[in-house]
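Going down the list, the sequences are from chains A and B.
Counting along the first sequence from 1, when you hit position 54 you're at 54 in this note's numbering, and nothing is skipped either side.
Counting along the second sequence from 1, when you hit position 62 you're at 62 in this note's numbering, and nothing is skipped either side.
Among these hints, one or two may not hold up.
Here are the simulated lysine-lysine pairs, DSBU-like style, with alpha carbons at most 30 Å apart [said to hold, decoys possible]:
1. B/K64 x B/K52
2. B/K52 x B/K40
3. B/K59 x A/K152
4. B/K40 x B/K2
5. B/K2 x A/K110
6. B/K19 x B/K52
7. B/K59 x B/K10
8. B/K2 x B/K52
9. B/K40 x A/K110
10. B/K40 x B/K59
11. B/K10 x B/K64
12. A/K231 x A/K110
13. B/K52 x A/K79
14. B/K64 x B/K2
15. A/K152 x A/K110
16. B/K52 x A/K110
17. B/K40 x B/K19
18. A/K110 x B/K59
19. B/K40 x B/K10
20. A/K152 x B/K2
21. A/K231 x B/K59
22. B/K19 x A/K152
23. B/K10 x B/K52
24. A/K152 x B/K52
25. B/K59 x B/K2
26. B/K19 x B/K64
Sample of chain A residues lacking proximity to chain B, with all beta carbon distances greater than 10 Å (derived) [what the hints assert, rightly or not]:
27. P9
28. R15
29. A41
30. R66
31. N147
32. I149
33. A150
34. E161
35. G183
36. A223
37. A230
Hint data in this document are derived by calculation from the structure and do not stem from the laboratory.
All C-beta atoms, glycine included, are put in the ideal place defined by N, C-alpha and C.
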Amino acid sequence: MNSAVIIFPGINRERDMARALTLLSGRAPAFVWHAETMLPAGTDLVVIPGGFSYGDYLRCGAIAARAPIMAAVRAHADKGGLVLGVCNGFQILCEAQFLPGVLMRNAALKFICRDVYLRVERSDSPFTCGYNAGQVIRVPVAHGEGNYIADKETIEHLEREERILFRYAAPDGSLDPSWNFNGATNAIAGILNERGNVLGMMPHPEDHVEDALGSTDGRGLFAGLSNHFAKAA
Amino acid sequence: MKARIVVTLKTGILDPQGKAIEHALSSLGIAGIASVRQGKVFDLELEASDRKQAQAVLKSAADKLLANTVIENYEVELMR
Numbered sequence: 001m002n003s004a005v006i007i008f009p010g011i012n013r014e015r016d017m018a019r020a021l022t023l024l025s026g027r028a029p030a031f032v033w034h035a036e037t038m039l040p041a042g043t044d045l046v047v048i049p050g051g052f053s054y055g056d057y058l059r060c061g062a063i064a065a066r067a068p069i070m071a072a073v074r075a076h077a078d079k080g081g082l083v084l085g086v087c088n089g090f091q092i093l094c095e096a097q098f099l100p101g102v103l104m105r106n107a108a109l110k111f112i113c114r115d116v117y118l119r120v121e122r123s124d125s126p127f128t129c130g131y132n133a134g135q136v137i138r139v140p141v142a143h144g145e146g147n148y149i150a151d152k153e154t155i156e157h158l159e160r161e162e163r164i165l166f167r168y169a170a171p172d173g174s175l176d177p178s179w180n181f182n183g184a185t186n187a188i189a190g191i192l193n194e195r196g197n198v199l200g201m202m203p204h205p206e207d208h209v210e211d212a213l214g215s216t217d218g219r220g221l222f223a224g225l226s227n228h229f230a231k232a233a
Numbered sequence: 001m002k003a004r005i006v007v008t009l010k011t012g013i014l015d016p017q018g019k020a021i022e023h024a025l026s027s028l029g030i031a032g033i034a035s036v037r038q039g040k041v042f043d044l045e046l047e048a049s050d051r052k053q054a055q056a057v058l059k060s061a062a063d064k065l066l067a068n069t070v071i072e073n074y075e076v077e078l079m080r
């Protein structure tokens, strides 16, 4: 799997992302600066990592979404190439209209930095084929604006087309408002685009890939992606 | 030519920042404020001298960047 990690000014999660990609796919990703206009030839997966691009000026992800490299990322997605956006990356993908909706300030107004439980809704996507449907994973979140909102029609579309890949859940997988810590509509933690090749998610699977850090629940995402491309080859 | 674009949250969109300000006002003892919604104001200086052209530029700026029309409305005010 050849991956490319996009870097915008203010992004700060690119090294952990690169580490997880290298560990689970056996190949180090290319780093691509936002002012570039092309992705490296043969890129399978584009990753937009977390951080605070442009200091969250205007709206989270708004400025990065209009950066020169995004045209190349769009062309990659239009060809069916995979794109993963985590945290600020999810916000950027929404602002760039790869994904519907928007990530608003957490309902409780606080920046939340802790482990959460996610229920994996489907295992038949390249992003979640390393998990079982219904499996609960523990991964960290660290965001102030992760409260997913979209109009009623969009939410109905997402539900009907099973484009919600991850939901905030209780450790037993049940959906309980008290575990939906940021107030996201329908406890949405991660969604796919219509074609199923672009995933945006607020939690950080790249943080939980090493035993030393207490959990390896994030491995499934990267291992699944890597297998997906190994099979395709 | 000068212009102002005011961006506000659409009705029904939760505005936690507005709520926090509302609470702060009430804890300051400023009574009689039923609710607060927070928005943004952009003051722009335009090179265009033609008003119609200026309106088009401003609309494009608001649609493409200044407002996220999923959750926000905007108003363009062109000054003399």
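Legend entry - Least C-beta distance between A/A230 and chain B, which was stated to exceed 10 Å: holds (37 Å)
Inset, instruction - Verify the proposed pairing of B/K59 with B/K10, using a straight-line Cα cut of 30 Å. - result: Holds, because 18 Å separates the two Cα atoms, which is no more than 30 Å.
Inset, instruction - Could you grab the alpha-carbon distance between A/K152 and B/K52 and see if it respects the 30 Å cut-off? - result: Given pair A/K152, B/K52 is violated - Cα atoms ~36 Å apart, limit 30 Å.
Inset, instruction - Take a quick look at whether A/K231 and A/K110 sit within 30 Å of each other, Cα to Cα. - result: Judged against 30 Å, a Cα distance of about 42 Å means the pair is violated.
Legend entry - Proposed proximity, A/K152 with B/K19 (alpha carbon, max 30 Å): holds (23 Å)
Legend entry - Proposed proximity, A/K152 with B/K59 (alpha carbon, max 30 Å): holds (26 Å)
Inset, instruction - For the pair we were handed, A/K231 and B/K59, check the Cα-Cα distance against 30 Å. - result: Not OK: A/K231 and B/K59 at ~48 Å, beyond 30 Å, violated.
Legend entry - Non-interface claim for A/A150, where every Cβ of chain B lies beyond 10 Å: A/A150 not clear of chain B: closest Cβ-Cβ about 7 Å, inside 10 Å.
Inset, instruction - Confirm or reject the statement that A/A41 sits farther than 10 Å, beta carbon to beta carbon, from all of chain B. - result: Per Cβ check, A/A41 is outside 10 Å of chain B; nearest 30 Å; holds.
Inset, instruction - With a cut-off of 30 Å on the C-alpha distance, tell me whether B/K10 and B/K64 pass. - result: Holds. B/K10 to B/K64 sits at ~17 Å (cutoff 30 Å).
Legend entry - Pair hint B/K10 and B/K52, alpha-carbon separation not exceeding 30 Å: This hinted pair holds, its Cα atoms lying about 26 Å apart.
Legend entry - Pair hint outcome, B/K2 versus B/K52 [Cα-Cα no greater than 30 Å]: holds (13 Å)
The structure fails to meet hints 5, 6, 12, 13, 16, 18, 20, 21, 24, 30, 31, 32, 33 and 35 from the earlier list, while all remaining hints are met.
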